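Line order of the protein sequences matches chains A and B.
Using the numbering used here, read the first sequence as starting at 92 and increasing by one per residue.
Using the numbering used here, read the second sequence as starting at 92 and increasing by one per residue.
Hints were generated in silico from the structure; no laboratory data involved.
Since we're looking at a predicted model, the values are computed, not measured.
Take these hints with a grain of salt, some might be off.
No copy labels: a pair is met if it fits in one copy or bridges any two.
[Claimed, not checked] Listed below are the simulated DSS-like cross-link pairs for lysine-lysine, each with C-alpha atoms no more than 30 Å apart in a straight line:
#: 1; residue 1: K144; residue 2: K225
#: 2; residue 1: K144; residue 2: K538
#: 3; residue 1: K126; residue 2: K487
There are 2 protein chains.
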Amino acid sequence: MAHSEALPSLAGDPVAVEALLRAVFGVVVDEAIQKGTSASQKVCEWKEPEELKQLLDLELRCQGESQEQILERCRTVIRYSVKTGHPRFFNQLFSGLDPHALAGRIITESLNTSQYTYEIAPVFVLMEEEVLRKLRALVGWSSGDGIFCPGGSISNMYAVNLARYQRYPDCKQRGLRTLPPLALFTSKECHYSIQKGAAFLGLGTDSVRVVKADERGKMVPEDLERQIGMAEAEGAVPFLVSATSGTTVLGAFDPLEAIADVCQRHGLWLHVDAAWGGSVLLSQTHRHLLDGIQRADSVAWNPHKLLAAGLQCSALLLQDTSNLLKRCHGSQASYLFQQDKFYDVALDTGDKVVQCGRRVDCLKLWLMWKAQGDQGLERRIDQAFALARYLVEEIKKREGLELVMEPEFVNVCFWFVPPSLRGKQDSPDYHERLSKVAPVLKERMVKEGSMMIGYQPHGTRGNFFRVVVANPALTCADMDFLLNELERLGQDL
Amino acid sequence: MAHSEALPSLAGDPVAVEALLRAVFGVVVDEAIQKGTSASQKVCEWKEPEELKQLLDLELRCQGESQEQILERCRTVIRYSVKTGHPRFFNQLFSGLDPHALAGRIITESLNTSQYTYEIAPVFVLMEEEVLRKLRALVGWSSGDGIFCPGGSISNMYAVNLARYQRYPDCKQRGLRTLPPLALFTSKECHYSIQKGAAFLGLGTDSVRVVKADERGKMVPEDLERQIGMAEAEGAVPFLVSATSGTTVLGAFDPLEAIADVCQRHGLWLHVDAAWGGSVLLSQTHRHLLDGIQRADSVAWNPHKLLAAGLQCSALLLQDTSNLLKRCHGSQASYLFQQDKFYDVALDTGDKVVQCGRRVDCLKLWLMWKAQGDQGLERRIDQAFALARYLVEEIKKREGLELVMEPEFVNVCFWFVPPSLRGKQDSPDYHERLSKVAPVLKERMVKEGSMMIGYQPHGTRGNFFRVVVANPALTCADMDFLLNELERLGQDL
Numbered sequence: 092m093a094h095s096e097a098l099p100s101l102a103g104d105p106v107a108v109e110a111l112l113r114a115v116f117g118v119v120v121d122e123a124i125q126k127g128t129s130a131s132q133k134v135c136e137w138k139e140p141e142e143l144k145q146l147l148d149l150e151l152r153c154q155g156e157s158q159e160q161i162l163e164r165c166r167t168v169i170r171y172s173v174k175t176g177h178p179r180f181f182n183q184l185f186s187g188l189d190p191h192a193l194a195g196r197i198i199t200e201s202l203n204t205s206q207y208t209y210e211i212a213p214v215f216v217l218m219e220e221e222v223l224r225k226l227r228a229l230v231g232w233s234s235g236d237g238i239f240c241p242g243g244s245i246s247n248m249y250a251v252n253l254a255r256y257q258r259y260p261d262c263k264q265r266g267l268r269t270l271p272p273l274a275l276f277t278s279k280e281c282h283y284s285i286q287k288g289a290a291f292l293g294l295g296t297d298s299v300r301v302v303k304a305d306e307r308g309k310m311v312p313e314d315l316e317r318q319i320g321m322a323e324a325e326g327a328v329p330f331l332v333s334a335t336s337g338t339t340v341l342g343a344f345d346p347l348e349a350i351a352d353v354c355q356r357h358g359l360w361l362h363v364d365a366a367w368g369g370s371v372l373l374s375q376t377h378r379h380l381l382d383g384i385q386r387a388d389s390v391a392w393n394p395h396k397l398l399a400a401g402l403q404c405s406a407l408l409l410q411d412t413s414n415l416l417k418r419c420h421g422s423q424a425s426y427l428f429q430q431d432k433f434y435d436v437a438l439d440t441g442d443k444v445v446q447c448g449r450r451v452d453c454l455k456l457w458l459m460w461k462a463q464g465d466q467g468l469e470r471r472i473d474q475a476f477a478l479a480r481y482l483v484e485e486i487k488k489r490e491g492l493e494l495v496m497e498p499e500f501v502n503v504c505f506w507f508v509p510p511s512l513r514g515k516q517d518s519p520d521y522h523e524r525l526s527k528v529a530p531v532l533k534e535r536m537v538k539e540g541s542m543m544i545g546y547q548p549h550g551t552r553g554n555f556f557r558v559v560v561a562n563p564a565l566t567c568a569d570m571d572f573l574l575n576e577l578e579r580l581g582q583d584l
Numbered sequence: 092m093a094h095s096e097a098l099p100s101l102a103g104d105p106v107a108v109e110a111l112l113r114a115v116f117g118v119v120v121d122e123a124i125q126k127g128t129s130a131s132q133k134v135c136e137w138k139e140p141e142e143l144k145q146l147l148d149l150e151l152r153c154q155g156e157s158q159e160q161i162l163e164r165c166r167t168v169i170r171y172s173v174k175t176g177h178p179r180f181f182n183q184l185f186s187g188l189d190p191h192a193l194a195g196r197i198i199t200e201s202l203n204t205s206q207y208t209y210e211i212a213p214v215f216v217l218m219e220e221e222v223l224r225k226l227r228a229l230v231g232w233s234s235g236d237g238i239f240c241p242g243g244s245i246s247n248m249y250a251v252n253l254a255r256y257q258r259y260p261d262c263k264q265r266g267l268r269t270l271p272p273l274a275l276f277t278s279k280e281c282h283y284s285i286q287k288g289a290a291f292l293g294l295g296t297d298s299v300r301v302v303k304a305d306e307r308g309k310m311v312p313e314d315l316e317r318q319i320g321m322a323e324a325e326g327a328v329p330f331l332v333s334a335t336s337g338t339t340v341l342g343a344f345d346p347l348e349a350i351a352d353v354c355q356r357h358g359l360w361l362h363v364d365a366a367w368g369g370s371v372l373l374s375q376t377h378r379h380l381l382d383g384i385q386r387a388d389s390v391a392w393n394p395h396k397l398l399a400a401g402l403q404c405s406a407l408l409l410q411d412t413s414n415l416l417k418r419c420h421g422s423q424a425s426y427l428f429q430q431d432k433f434y435d436v437a438l439d440t441g442d443k444v445v446q447c448g449r450r451v452d453c454l455k456l457w458l459m460w461k462a463q464g465d466q467g468l469e470r471r472i473d474q475a476f477a478l479a480r481y482l483v484e485e486i487k488k489r490e491g492l493e494l495v496m497e498p499e500f501v502n503v504c505f506w507f508v509p510p511s512l513r514g515k516q517d518s519p520d521y522h523e524r525l526s527k528v529a530p531v532l533k534e535r536m537v538k539e540g541s542m543m544i545g546y547q548p549h550g551t552r553g554n555f556f557r558v559v560v561a562n563p564a565l566t567c568a569d570m571d572f573l574l575n576e577l578e579r580l581g582q583d584l
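Next comes chain A alone, as it looks inside the complex:
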């Protein structure tokens, strides 16, 4: 099968196409799926950038390569990639490998269509509608609208754009120059996409008024009220509050009922960034953390995070039934959204978005949900909470580990205090020295490939670890490993 000359595209040779794809799929199953999720294998194979460039031989050349060379390239790409489905990957708000979701993603890729019209995506137009309906029902809405976006940041931007359009429909045509200065409100613990969105949408980051959070990371409604008054006094027009259900670092849930009261009093759009915490709505035991979410105007919820649906799966949900999405974003392109089609053109949902082509993000979630049912997904959420609790209790039992706070979600934040710093809390350079521990341990774990945990400074706190307990395959043994491994890696510090 080896060729050294440029190859034909294989187009028109179905046997060769099938052989190639079966061979690649074999590599994927062995290397990415089996080894990639096996605790006996490394979670990553660290290489310095210059060495990795050599190993990958990235250059794109004039001549094509043989099938054997291509297969070897596939193996190399997988070998040096981080295994986010591995049980020792605690580094991000997504992890784990759900086989049904992956099956959905492979089908999506093989069908390669765009979600804009019923004409070319009949199955997925109807499926997206049903999946969004299900997510809305979990929020507590029996009607509404919504759309899958390329990530939670863009979902959040949509919410801001919809809120300003609802208040000032003219701004679509005339822009912001003719409007009074606008103000939106979010807590200092919010995701950074609120700031990015304000800049991108032309509002400017100054339009974001930062509301205090309490020591647990929850927005303080009294300060929200105060900030609204201050903005008004400065001549700005408040129009939106973005609350967070599941903050990025601490995993905090803002008090939605109290925030909704404030929004109602001032006539403000309430957006809930539940990108991380939205999936908790599936748990009868824990969904109280989001009490009040049904009072929101919009909700961003990323099933690619806690539900492991695969990147990206980000829903923006709306309570609106007035076709606000389409009015705000539509431009009626006549080459795509012809009005004289032979079917109901309301099925052409593509004009609801600011994209044109849009990936199919619903199938992976739908297929996983069909396989798991509400029950299976609920069990997964409850298990993540239980394992996070187990980890917390283990942290409390061990010397040299200090919780940042009791978590209410599956973000477990703590310091590893190395032997040389134990009992030295009162020394003047304690915090400075403690802050240097996590980067060193991170380097060691990555270079050994034994696990990956994120760390960060936060407010006045120096670097601490944030373990995200989200992978549905985790067990108590993985929690034990994590702590033992930290102790092993840090014993000489």
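Chain A is already provided as a structure; the job is to place chain B on it using the hints.
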């Protein structure tokens, strides 16, 4: 293997995971890849929405389903989906199924990582850089910057945002209210994303000044000059011109050299929306259509279109070497872009974008390019041009087919004039009746599943067909089929 009770997630059972995925992959190969690209099969299996809903049984329920049921669902999803890789799918600016690109997509999905840091995407951070470097070299730049975006519309928005930020860096913080009214320029043939972007970015659609296009759909530089003068006379500040290389309907290429001259004279940012036509840069024979593109400040180029890399693969390329992307979009989130990492944090490219999590869009293109080489991809482009030319000549030979114009690209636009209208060009209702032909034929072809071709009205012209000759597997026989099938479907009209 059948279960009627809720299933476990399969997590922790690698044998079951592998069995499921191998079974699904078998379905994908048979149904989506083999049948889905076979001319002897239907390109689509039309169902009315209500019937399709029944067939799909979309509802998400409390109980999970058995593996057998899940496999049957996979078959059903594929059966009723449109086969965009089919040789009779001429409906969109993307079509065809490249097996190497699909292999890259399957690997991407199985690795499921986000493109923001070297830490969790070491291979893809380096690979994206190399792919962007290659694309820039084809534009004619030996240095620069760039990023893959979720679609060409968002690439275009980025260009607008970068141009305004470069001129008014304060607007990131202070917003548009403190700026003079801004004006950007594009032709009436531009993609609708320019209008959508202006609205989304807070500029308003009024800020888009529509420049005349000639009868072939190319921007008229003299009118651009005139519009700039008019905008200035009205007190607006011109800041950007968006030229198009490969318009959506007619496939026209704007005269970039002349437009660049105007931009240079007025100090305006030149963006080239080459989402559709950018891939022509690979062809030594045809790349003259984009002469002058090296003078642009930014270029949007979607290899998921003419190169069949798979949705989505959209590059925004910049000539800038001053880190404009990161300065414009960055927000230095301390939990993700820690500055005390053990590697060069310049490799963490995630702060260049307004997203947070970002899909890996480079691997599919890179793997296909490795397999094809520049040569293989060039041949593909040249073949598309040649087949479009063949189709045009056939159209000229046949009665009842009327070209809208001689194409310069692979969009072939024409009317099918049914027997009852032939020779009736002078009758007063001729154009009205002709305009109703395409929707009828479209309905017939879709319901038979024999082929899919888009149609649209355009300016003062009534509905005509636009055949997009992009699928690399096409042959002259497919072109003949297309015309024969139109004649067959329309013989009684």
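Status of each hint after checking the structure:
1. K144 to K225: between (45 Å within a copy, 15 Å between copies)
2. K144 to K538: within (17 Å within a copy, 51 Å between copies)
3. K126 to K487: This pair counts as neither: shortest intra-copy Cα distance 33 Å, inter-copy 59 Å.
Going through the hint list in order, the structure does not satisfy hint 3, though it satisfies all others.
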